[in-house]
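*Asks:* Residue numbers (my numbering), protein chains in the order written: chain P, 4 to 267; chain E, 4 to 267; chain G, 16 to 232; chain C, 16 to 232; chain Z, 9 to 254.
Derived by calculation from the structure, the hints in this document are not laboratory data.
Some hints could be false.
[Claimed, not checked] In the DSSO-like style, the derived pairs of lysine-lysine whose C-alpha atoms are separated by at most 27 Å in a straight line are:
hint, chain 1, residue 1, chain 2, residue 2
1, Z, K100, Z, K121
2, G, K226, E, K150
3, P, K133, C, K225
4, C, K137, P, K35
5, Z, K217, Z, K234
6, P, K143, C, K225
7, P, K156, C, K225
8, Z, K254, Z, K149
9, Z, K249, Z, K61
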Amino acid sequence: MQSMTNEATPAPTPMLRAVDLHKRFGAIEVLKGVSLEVGRGEVIAIIGPSGSGKSTFLRCLIHLETVQRGCIEVEGRTLVSTDTGGECRYVADAEIRTICGAMGMVFQHFNLFPHLTVLENLIEAPMTVKGLRREDVVPKAEALLAKVGLADKRDAYPSRLSGGQKQRVAIARALAMEPDILLFDEPTSALDPELTGEVLRTMRELADEHMTMIVVTHEMAFAREVASRVIFMDGGLVVEARPARELFASPEHPRTRAFLENML
Amino acid sequence: MQSMTNEATPAPTPMLRAVDLHKRFGAIEVLKGVSLEVGRGEVIAIIGPSGSGKSTFLRCLIHLETVQRGCIEVEGRTLVSTDTGGECRYVADAEIRTICGAMGMVFQHFNLFPHLTVLENLIEAPMTVKGLRREDVVPKAEALLAKVGLADKRDAYPSRLSGGQKQRVAIARALAMEPDILLFDEPTSALDPELTGEVLRTMRELADEHMTMIVVTHEMAFAREVASRVIFMDGGLVVEARPARELFASPEHPRTRAFLENML
Amino acid sequence: MDYVLNILPPLIEGTGVTLQVFVITLMLSVPLGLALALLRLSRIAPVRAAVGGYIWLMRGTPLMLQMLFIYFALPFVPVIGVRLPDFPAAIVAFVLNYAAYFAEIFRAGIQSIERGQYEGAKVLGLSYAQTMRRIVLPQVIKRILPPVSNETITLIKDTSLIYVLAMNDLLRAARGIVQRDFTTSPFVVAAAFYLIMTLVLTYGFQHLEKKYAVYDE
Amino acid sequence: MDYVLNILPPLIEGTGVTLQVFVITLMLSVPLGLALALLRLSRIAPVRAAVGGYIWLMRGTPLMLQMLFIYFALPFVPVIGVRLPDFPAAIVAFVLNYAAYFAEIFRAGIQSIERGQYEGAKVLGLSYAQTMRRIVLPQVIKRILPPVSNETITLIKDTSLIYVLAMNDLLRAARGIVQRDFTTSPFVVAAAFYLIMTLVLTYGFQHLEKKYAVYDE
Amino acid sequence: GKSEAPQAAAPAAPAAPASIVVGLDDHFPPMGFRDDKNEIVGFDIDLAKEVAKRLGMQVSFKPIDWSAKEAELNGKRIDVLWNGLTITEERKANILFTTPYLENHQIIVVTDKSPIKAKAELAGKIVGVQDGSSAVDAIQKDEKAAKSIKELKKFSDNVTALMDLSTGRLDAIVVDEVVGRYYIAKKPGEYRVLDENFGTEDYGVGTRKDDTALMGKLQKAMDDMKADGTAATISTRWFGKDIVKK
Ligand SMILES: Nc1ncnc2c1ncn2[C@@H]1O[C@H](COP(=O)(O)OP(=O)(O)OP(=O)(O)O)[C@@H](O)[C@H]1O
Ligand SMILES: Nc1ncnc2c1ncn2[C@@H]1O[C@H](COP(=O)(O)OP(=O)(O)OP(=O)(O)O)[C@@H](O)[C@H]1O
Ligand SMILES: [Mg+2]
Ligand SMILES: [Mg+2]
């Protein structure tokens with residue numbers, strides 16, 4: 004099962020390791036061999052033009068999409084591997100669920116459960132998935148709500164919240180499952196400019212607490228200030244991957260340069 | 004009918020004149036006496052925090068909402084007036100339609116007609132409202148589409164367009180009725196940052212052609228560069244109204260200053 | 016097989032009656048339903064209430080009773096009293112009843128159109144009538160196709176109720192033969208007829224839905 | 016008035032039969048419909064096709080025929096053949112028929128839930144069954160209340176079809192009195208009964224809709 | 009409860025208490041219908057109860073849709089058809105009959121104001137009947153009359169036919185005499201019965217073709233009741249006179 008690809012792994016097991024991911028939708032190849040290694044506590048920002056495959060990459064990592072080739076390991080455990088013959092194999096369903104349990108994801112459109120109150124959104128998965136008792140999870144959920152500044156919205160329904168509040172609930176909901184890695188797919192791009200700030204602030208706090216995060220974003224300021232590394236993707240490939248300040252200061256690749264000029 | 008309020012009108016008839024508009028929704032007073040005078044070819048940017056009444060003000064101007072007090076004149080023709088007794092009177096329905104025909108409006112969510120192609124969206128009103136023949140309006144509609152850079156989307160349905168393209172169609176649709184004044188309510192805030200540029204470019208071109216425009220916007224760069232005057236609204240009142248460069252360089256009112264700091 | 020061929024003529028005749036009631040009811044109740052829906056959304060409260068009461072009455076009582084009422088009791092009602100022959104009486108009952116159902120479908124469809132569409136039309140100068148005709152209703156049609164299709168398929172089977180006015184629709188023709196010949200195979204043939212009609216209707220509506228699928232919302 | 020009081024007992028008894036058929040059908044056909052809807056959305060193509068065929072058959076033929084078939088013809092069908100007494104036969108027919116209608120309503124409801132809800136649940140670790148039970152179906156209920164309410168109001172009137180098995184529901188009881196006493200007033204009383212039942216149902220569903228209105232989508 | 013199949017016990021040996029299910033149209037006054045208390049009553053009901061008593065059998069009455077009577081009988085859902093069942097040659101192919109117990113005429117009913125006086129005047133007129141009733145057969149048997157009338161409308165029951173006669177859409181209806189007279193008595197002065205009719209026929213009790221054991225017992229009990237006057241008593245109770253056919 005643990006068929007390793009050619010490269011040698013670095014000494015400390017990385018939190019997440021993706022090697023040579025390929026993903027095709029029908030005839031279109033959306034990922035053409037994307038690799039990424041994320042260490043504990045790293046914050047990775049992924050930028051790139053629309054359609055470059057950023058969302059698809061994130062979705063493959065957390066098994067919302069299946070790859071056709073490549074290898075994904077989470078904290079040393081293999082989710083999918085490809086042998087030398089090119090055959091791509093996922094592990095058994097139960098194991099997939101355990102491995103993906105180490106990751107949480109925050110979507111552009113929040114995907115909160117509209118029929119549950121804010122608190123119920125937070126405790127649903129710990130109770131249903133982990134089988135914990137309500138009285139055990141509620142205090143933790145309340146603490147998380149306080150952390151994202153929404154203690155008073157405990158009993159509100161999501162529809163009563165502003166976009167920024169919704170997104171902070173979504174973050175708290177993901178945190179309630181105590182993931183080791185958090186994936187964000189454009190968490191602020193559905194928000195009014197005014198509401199973006201509060202979500203970015205929450206994410207910055209998570210970074211300060213050394214949460215491992217992979218963030219697809221259009222917020223260059225956030226990428227520059229918070230990310231340890233920035234990945235620039237284009238056409239289903241990683242074009243450039245360098246420490247944030249370096250990449251913004253002197254983009255190497257002309258495509259990166261063109262993109263950054265357009266954005267700023 | 005032409006009951007004038009106290010102030011004396013300036014020599015050339017303004018394109019649009021709103022005096023002391025009051026608007027209440029139930030118990031909440033949303034506009035608490037807003038006045039504005041717009042000259043031919045002026046570009047007015049309205050900025051302000053969420054809920055300050057910007058949208059409501061625009062909607063009152065074009066009769067999507069009715070005011071409870073105040074006076075609106077468009078090119079010298081009275082839409083609504085309030086006599087000294089405080090009684091607020093709108094002109095007859097047919098006249099309202101003529102007067103509002105001088106204005107066009109572009110919405111945040113485009114409000115294109117999904118069952119009509121791009122071209123049909125443009126020619127619908129000229130044909131139905133003005134009773135023009137199809138062969139007379141199609142060439143003009145095509146010219147407008149070329150102007151906003153969408154000549155090739157002529158026969159596409161709105162759902163096939165990106166947000167930026169939709170908004171440019173919405174602008175072309177408004178222009179097809181040959182309005183003298185165009186109102187915009189946050190025309191780019193439903194768009195991805197990457198798509199915002201193309202819409203702002205189109206609006207800048209209109210400004211260059213001396214179209215009279217009133218634009219509610221969060222795009223400070225646009226307000227600064229294109230607007231002749233910037234209105235800062237807060238709590239249903241105009242707090243500050245000055246030439247763009249002045250207001251951004253040295254906001255007088257502390258609330259304006261706080262708002263601008265938050266935005267930039 | 017010979018037997019089936021033998022019983023086909025009366026069943027086909029019955030199908031003719033069924034289809035007549037079906038087509039005429041559909042052609043009249045859809046426009047009437049649309050008119051009722053517009054009145055139901057009128058600004059005038061008494062009009063809204065009256066139409067609401069009408070819909071409640073029509074949907075709240077069995078069509079069979081309505082048919083019996085129109086046939087037997089209407090002639091004795093003062094002023095509006097009129098003695099209708101059986102076929103027209105059945106049609107009137109079906110139209111009044113189905114119009115109420117269609118009215119509710121239309122109302123829901125009209126209310127599902129976003130305010131933005133009305134505002135978009137208004138700032139372009141379209142009047143209320145123009146907005147309805149050119150902008151709202153064309154979009155409503157797409158949205159109500161599924162419930163209208165359901166209602167229509169129900170109608171083709173409901174037509175069999177006209178037996179209470181002594182008319183020979185498909186189902187009654189089949190029952191007549193069953194009684195005469197003491198065999199249930201006419202039921203099987205009748206079921207096949209109904210299935211074919213339903214199939215044709217289903218394909219028709221699928222075709223319409225495809226036609227309207229050229230645009231998304 | 017005395018006369019009306021006189022005919023009330025049989026009409027009330029008939030209402031009892033009507034309500035029995037109504038309640039039992041509802042209690043059985045809703046869960047069966049839900050199961051069919053889930054099968055209709057199954058990954059296994061033959062299952063989907065089989066359920067699709069079943070729904071087509073049940074919606075494509077008149078309930079009356081289905082009832083006559085189950086009562087008279089089923090006993091002679093090999094293997095599954097069983098001779099049901101009249102009431103169970105009627106219930107089986109009603110349940111099989113209405114389950115098909117409810118299945119379509121549920122299917123549409125389930126398909127109307129956005130993919131984001133499934134993805135949100137999946138990244139939290141919920142299994143498919145958990146996602147259905149805890150996330151999707153509770154939201155489906157809110158969305159399908161209006162069509163379910165329609166179907167339910169139709170059912171209360173459709174119950175009168177059991178006359179073909181000579182059971183004395185409200186409408187048949189009324190017809191019986193009409194034939195005994197040769198006067199149409201029992202019909203008027205029966206209509207009032209139906210209106211009351213419809214009213215109660217309408218209020219019940221409005222109450223449910225209000226209950227689910229605590230959250231918006 | 010009901011037995012699945014009637015016991016084929018030897019005749020005149022009612023020791024084993026059998027039970028029979030009588031199928032009837034409970035909307036067929038005065039032969040069988042529901043009274044104020046929703047109980048099934050009528051002339052045929054009383055006869056059947058008396059017969060069952062004499063045979064020591066349990067009897068239950070099952071309302072059926074009259075148009076499905078053969079299916080009910082042959083599907084063994086009922087054992088006996090007893091509800092003004094006319095004896096016809098066609099039916100004899102499927103049903104075993106007792107000897108006639110009542111003579112019935114297919115009478116012609118018109119409104120009191122109708123100009124129609126004779127059967128021949130039905131030419132070109134619209135005539136109503138109950139669907140599936142023996143009136144249909146009776147008219148069809150009279151070929152000359154059947155051809156001359158303009159339209160034969162088959163209603164689901166006699167009352168709708170009578171009501172349609174009152175609205176004027178029908179010119180006449182043809183109906184079993186026992187039933188027709190019952191209704192006419194309800195609305196004195198509104199209807200009139202012509203002197204001529206569409207023939208005389210007999211009512212009998214029917215069983216399944218192969219159920220000869222039951223038929224033997226039924227026939228015997230009926231004969232006894234005719235002989236000892238019980239049948240006459242029941243007839244007087246419902247029709248005011250003895251019209252039982254000996
Ligand atoms: N389910 C799908 N089926 C078919 N094509 C898809 C699907 N999902 C994504 N794609 C295509 O894959 C390509 C990459 O999409 P993806 O969403 O990953 O891009 P992205 O970089 O996230 O873009 P954006 O910034 O617009 O979100 C696009 O061309 C898109 O149309
Ligand atoms: N139809 C309405 N009924 C009741 N209240 C309304 C209505 N429309 C607007 N309001 C209220 O009026 C106030 C001003 O709303 P308005 O939309 O004009 O603000 P805005 O300045 O455009 O804000 P934003 O930047 O969020 O669009 C808000 O408090 C809003 O809730
Ligand atoms: Mg994306
Ligand atoms: Mg606004």
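*Asks:* Which hint numbers doesn't this structure obey?
*Replies:* 1, 2, 3, 6
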